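Here the protein sequences come in this chain order: X and Y. The first sequence: position 10 = 10 (the working numbering), numbered continuously. Add 1000 to the 1-based position in the second sequence for the working numbering, that's all there is to it.
Don't read these hints as lab results, they were simulated from the structure. Predicted model only: the values in this text are computed from it and were never measured. Please note that the accuracy of each hint is not assured.
Quick list of in silico lysine to aspartate or glutamate cross-link-like pairs, EDC-like style, CA-CA up to 20 Å [as the list claims (entries may be wrong)]: (1) Y:K1168 <-> Y:D1093; (2) Y:K1168 <-> X:E60; (3) Y:K1144 <-> X:E52; (4) Y:K1167 <-> X:E52; (5) Y:K1167 <-> X:E62; (6) Y:K1144 <-> X:E66; (7) Y:K1026 <-> Y:D1108; (8) X:K63 <-> Y:D1108; (9) Y:K1144 <-> X:E62.
Under 7 Å between C-beta atoms, here's a sample of chain Y residues computed to sit facing chain X [what the hints assert, rightly or not]: (10) P1092; (11) R1147; (12) E1148; (13) A1151; (14) A1154; (15) L1155; (16) G1157.
Glycine included, C-beta positions come from ideal geometry on N, C-alpha and C.
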Amino acid sequence: MTLDSANKAPWHCAACGIPLEKAKVQIAYLGSAFPVDLLRCSRCGIVFIPEELALTRMAEAEKILEDK
Amino acid sequence: MTGGIMRPGGFSLTDRAIASCSFPAKGRVLDAGCGTGIVVEHLRSHHGLLACGIDIATCASRPFAQASVYSLPVKTGALNGVLCECVLSLLPDAGRALREFGRVLAVDGYLILSDLYDREQQGCMRELLQCCGFSIILWEDHTKALRELGALMALQGLDHTTCLETKKSTGYYLAVARKDTC
Chain X
1 MTLDSANKAP WHCAACGIPL EKAKVQIAYL GSAFPVDLLR CSRCGIVFIP
51 EELALTRMAE AEKILEDK
Chain Y
1001 MTGGIMRPGG FSLTDRAIAS CSFPAKGRVL DAGCGTGIVV EHLRSHHGLL
1051 ACGIDIATCA SRPFAQASVY SLPVKTGALN GVLCECVLSL LPDAGRALRE
1101 FGRVLAVDGY LILSDLYDRE QQGCMRELLQ CCGFSIILWE DHTKALRELG
1151 ALMALQGLDH TTCLETKKST GYYLAVARKD TC
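Could you build the full structure based on these sequences and the hints that come with them?
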């Protein structure tokens, strides 16, 4: 599943049973915070992070912040 | 996160530098290498300075002049301040540019620099400023802001390698210097 298709897929919150909505989410790491467009449940606030995002862009960002 | 400009620290570093200077009301300030002119507009609207920009490329923002930083279309001693943010490291002859900045600054005028630098050789930049007739009144490392910009670009899937380069010792500094009296 690509990043684009993951963001467009009809994801639902398992706890609330409602569709996740696109939202600007603050991702924080090592004292820095960044706004990222992700899917979030408007009721409970749970955020869906696609695997590809975590393994590619987020991993790269973490490396940069860790000064590696 | 960067306030609309793709530069480490965005406007926060510019504002920090301006706060450490004692510009007169409506002080005359030049943004050397102004790009889109967004900083010129910020200096005018947020700091009340009579700011203008120059760049080697054309710019839609006003006031602006298309010129080289080596040959500024400004009278000697006419300015209270010169900003050169994220530009000096791109120039083949930084010393020549610094001497030109010194020419257009009034005595005690301020030079504001922010740019990439080699953290293992920070003395070189300080020495160059002093050789060009400036006294440093502020020198700060803001490498964290550089890394944050790189991380932001990585998260957005943008190429951050030109921003961070490959050397581990690459950092980002903010400096404010004053033109010496002689």
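Holds or violated: K1168 of chain Y to D1093 of chain Y, with C-alpha atoms at most 20 Å apart: With a Cα-Cα distance of about 24 Å, the restraint between K1168 of chain Y and D1093 of chain Y is violated, given a limit of 20 Å.
Would you settle whether the hint for R1147 of chain Y is holds or violated, based on the nearest Cβ-Cβ distance to chain X being less than 7 Å? Since the shortest Cβ distance to chain X is 5 Å, the answer is holds.
Tell me if the straight-line CA distance from K1144 of chain Y to E66 of chain X falls inside 20 Å. 10 Å, holds
Return the status of the interface hint for P1092 of chain Y: holds when the least beta-carbon distance to chain X is below 7 Å, violated otherwise. 28 Å, violated
Would you check the hint for K63 of chain X and D1108 of chain Y, treating anything up to 20 Å between C-alpha atoms as holding? 43 Å, violated
Taking the closest Cβ pair, is A1154 of chain Y under 7 Å from chain X? The hint holds - A1154 of chain Y has a Cβ within 7 Å of chain X, the shortest such distance being about 4 Å.
Proposed proximity, E52 of chain X with K1167 of chain Y (alpha carbon, max 20 Å): Measuring from Cα to Cα gives roughly 27 Å; hence the hint is violated.
Given the hint that K1168 of chain Y pairs with E60 of chain X, does the C-alpha gap stay at or below 20 Å? Holds, at about 15 Å.
Can the hint on G1157 of chain Y be confirmed by a CB-to-CB distance to chain X that is less than 7 Å? Where the cut-off is 7 Å and the nearest Cβ of chain X is about 6 Å from G1157 of chain Y, the hint holds.
Can you confirm whether the C-alpha distance between K1167 of chain Y and E62 of chain X stays at or below 20 Å? 17 Å, holds
Holds or violated: A1151 of chain Y as interface residue toward chain X, Cβ cutoff 7 Å? Because about 4 Å separates A1151 of chain Y from the closest Cβ in chain X, which is inside the 7 Å limit, the hint holds.
Are K1026 of chain Y and D1108 of chain Y close enough, with their CA atoms no more than 20 Å apart? Measuring from Cα to Cα gives roughly 16 Å; hence the hint holds.
Of the hints listed earlier, those the structure fails to meet are numbers 1, 3, 4, 8 and 10, in rising order.
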